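S.K.: Dock chain B against the given chain V, drawing on the hints supplied.
Chains V and B are the protein sequences, given in the same order. Start counting the first sequence at -18; every next residue gets the next number (my numbering). Start counting the second sequence at -18; every next residue gets the next number (my numbering).
In case anyone wonders, no lab produced these hints; they're calculated from the structure. From a predicted model like this one, the values you see are computed outputs, not experimental measurements. C-beta atoms are modelled at their ideal positions from N, C-alpha and C, and glycine is treated no differently.
Beta-carbon label-pair distances, calculated as ranges: (1) B/Arg155 / V/Lys387: 37 to 45 Å; (2) B/Arg155 / V/His221: 25 to 33 Å; (3) B/Leu(-15) / V/Ala11: 35 to 43 Å; (4) B/Glu174 / V/Ala162: 50 to 58 Å; (5) B/Ala362 / V/Gly373: 55 to 63 Å; (6) V/Glu343 / B/Gln217: 49 to 57 Å; (7) V/Pro255 / B/Gln217: 26 to 34 Å; (8) V/Gln217 / B/Val365: 33 to 41 Å; (9) V/Asp166 / B/Pro368: 45 to 53 Å; (10) B/Gly81 / V/Leu170: 54 to 62 Å.
Number of protein chains: 2
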Amino acid sequence: MSQLSTINIGICGLGTVGQGVWKHLESARASLESKLGVKLHLHRASVRDLKKKRAVRVPATRLTTDPLAVATDPAVHIVCELIGGTTLAREVTLAALRLGKTVVSANKALLCAHGPEIFAAARAHGGHFFFEASVAGGIPIIKALREGLVANRFGLIYGILNGTCNYILTRMEREGLGYPAILADAKRLGYAEADESLDVEGWDTAHKASILAYLAHGAWVPTRAMLVEGIAAITQADLHFAREHGYAIKLLAVITRDFANGELFVRVHPTLLPLTKVLANVNDVQNGISVNGDVVGETVYIGRGAGQDATSSAVISDIVDAVLLLRRGNAPLPVPVRQHCPLAPLERVRGRYYLRLDVKDEPGVLAKIATATAHARVSIASMVQRPSARRGAATLILTTHESNEKAIRATVARLTRLACVLEKPLLLRIGDFAG
Amino acid sequence: MSQLSTINIGICGLGTVGQGVWKHLESARASLESKLGVKLHLHRASVRDLKKKRAVRVPATRLTTDPLAVATDPAVHIVCELIGGTTLAREVTLAALRLGKTVVSANKALLCAHGPEIFAAARAHGGHFFFEASVAGGIPIIKALREGLVANRFGLIYGILNGTCNYILTRMEREGLGYPAILADAKRLGYAEADESLDVEGWDTAHKASILAYLAHGAWVPTRAMLVEGIAAITQADLHFAREHGYAIKLLAVITRDFANGELFVRVHPTLLPLTKVLANVNDVQNGISVNGDVVGETVYIGRGAGQDATSSAVISDIVDAVLLLRRGNAPLPVPVRQHCPLAPLERVRGRYYLRLDVKDEPGVLAKIATATAHARVSIASMVQRPSARRGAATLILTTHESNEKAIRATVARLTRLACVLEKPLLLRIGDFAG
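So that you can see chain V by itself, here it is in the shape it has in the complex (with noise of 0.2 Å):
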């Protein structure tokens, strides 16, 4: 196909992101043609409503209300999936495929779910699906894992994938403000969606987790076989703990493959990050990487996570990537072909705690705290009291030495049990990882 003199892109979706896209590729348009030796035209787009008013003019006759006609236009070279969700995206992405095109896609919810079949219509049709916008943003670490790094085996990589529990975090420490304050003008300002659930529970971050944990160990970790836990239950007692101690809370992802047995566990929770670390210092809606290679060894990766411009810039790259293909069949290298990857049980997912517990402010209470968490076997490092809101209650804050996830859920759950604990306990990560 080297004889083509100009590559046709259909845009799929021109909402913020398509817009951005379509902006910015005007703009560098000159610059990326000399660099390519090809013309790039813009040659269709496919929008919900036809009549409304966009910061981008697209001439009407580049427009459609039919993302199936750009995905299958026999024009089109290069089909930019932008709808987002997992139904009409997944439609739009395996018709074009099933023609042989090459797919560009920020979704990471459709790769997530779909990823096998997307991948698999790929190969059989001979397209290629480039995926570097649906992880962090305009930070090019898809890039970077399958090709920068591709020396190295990936004992750990742990990561702030999501901006809006970012931001949240971050305001809620600097400013000493609850959850719900803080979420509610973070709707306000567009920096958290009216439905909040898949950010703040995690889902999102767990969507990009198993993304780069595919690209690192070559096997789909589907979200239900993860550990996915939320930051809505984050007080200001958690964050002047963790201060106080050296650490900044931040909601990871965390994926962790051990060499000896090849078990790999993927997880996503809150975590009392040292401040020592460079990614406790990534504050606002930045996102940051910290990929750790057998042989680099620890390499961090830090920008706007999302946001039009951000997700341009990626979805920018992967067209020119795109374009290489097409031009001289510059495939990139293959996802690693899947291993056995199998999944590590609870007990060999180590690490330490952090528990915030209401209990009854009445003697003998620290005693059966300490039975219940010894019979679970997990060892206490220290503990502190701190008043309560509670009425007749004290708040404790109690953190262990090196458990594993089995043991310290059967320490929630006795600790749950106890007529002396108020509501389930807290539970956070303590991160101080080797990396």
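M.R.: Okay, now just chain B, sitting in the frame of chain V:
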């Protein structure tokens, strides 16, 4: 050439990096071969001394003392030039490129001195030259700039690119010791070369800055056209002042481009970097680069900048790209066409400044200094006096409001001529970059 079933790799120079590449390529070989669908064969290596003991086992039949024999061996597809220096390394590189081979290099000095000649030779004979390992070791910054951030123009790139300087400055700050003591210790520990001048005077950083500027702007800026200053004059007084005022001192490469007039400027100097910047907290031998793109905003990359393993990781990533090129015609995105890229005159290189002066401790000195700076049209923002080690003297530390390189040099010249100023003032830049 897609019928190649084995790729033969030749390594010129089996020193620290060469042995690392051999070792890690052997251990990652099965995984790389399965991804690439081709056998990788370490065909031949050149050494200076055949009898020397090495940490990696290389069969004697595959060793030679003639690097040109490796570079021109008809069986060798990919030549890794790991000799260092700019004489023999240049010969070897050009010999291989003239035969249309692909060369992988970690040699920043060679690229900086002979970049145009090397790329011309590659173009003329259909070969390719890869150089990920030449800047920031294992951090895939070359790939990020060339591919991942291809949608962007780069108004500002700055980074810590020399691990030796960062190590010395970190230890001076942490331990309160002087530059000579820490340098001596760094030499003893092998973190600094016996001849440290290339590192501590900023030339190694300047070589790397030249490569980054080329990638970002398509123009080769020779080191003689840069501002290059080293770290040897920095004392505890400077580090204390910086820390008290919320700064760390880092040796930075700073590459700025003004898109209004196209002017480029490249400089290397110790910089007071606000502690709120991620790179201010990148310590010890770590490297870090902040890349400010007009689309993506700021992205930051951190990792080990040198050493056997980090460098090997980058060399192997280039080898994999070179294999993709040989197998599928996967040429990397061409480096931008050389643009009309004027160098900015000194009066348009702007910033705030830090000046430390030893002065006679007598009446009227402050007035003389204030008059001299005012004459050069530099406005003083703060002035503090500190005890001097010199008898009858005082140390003055000034910071300025925004000024420019031309005015501040005139200021330093004027101050140096004053009888009350006891030696040439130390000038540092304050790096409160907008990025």
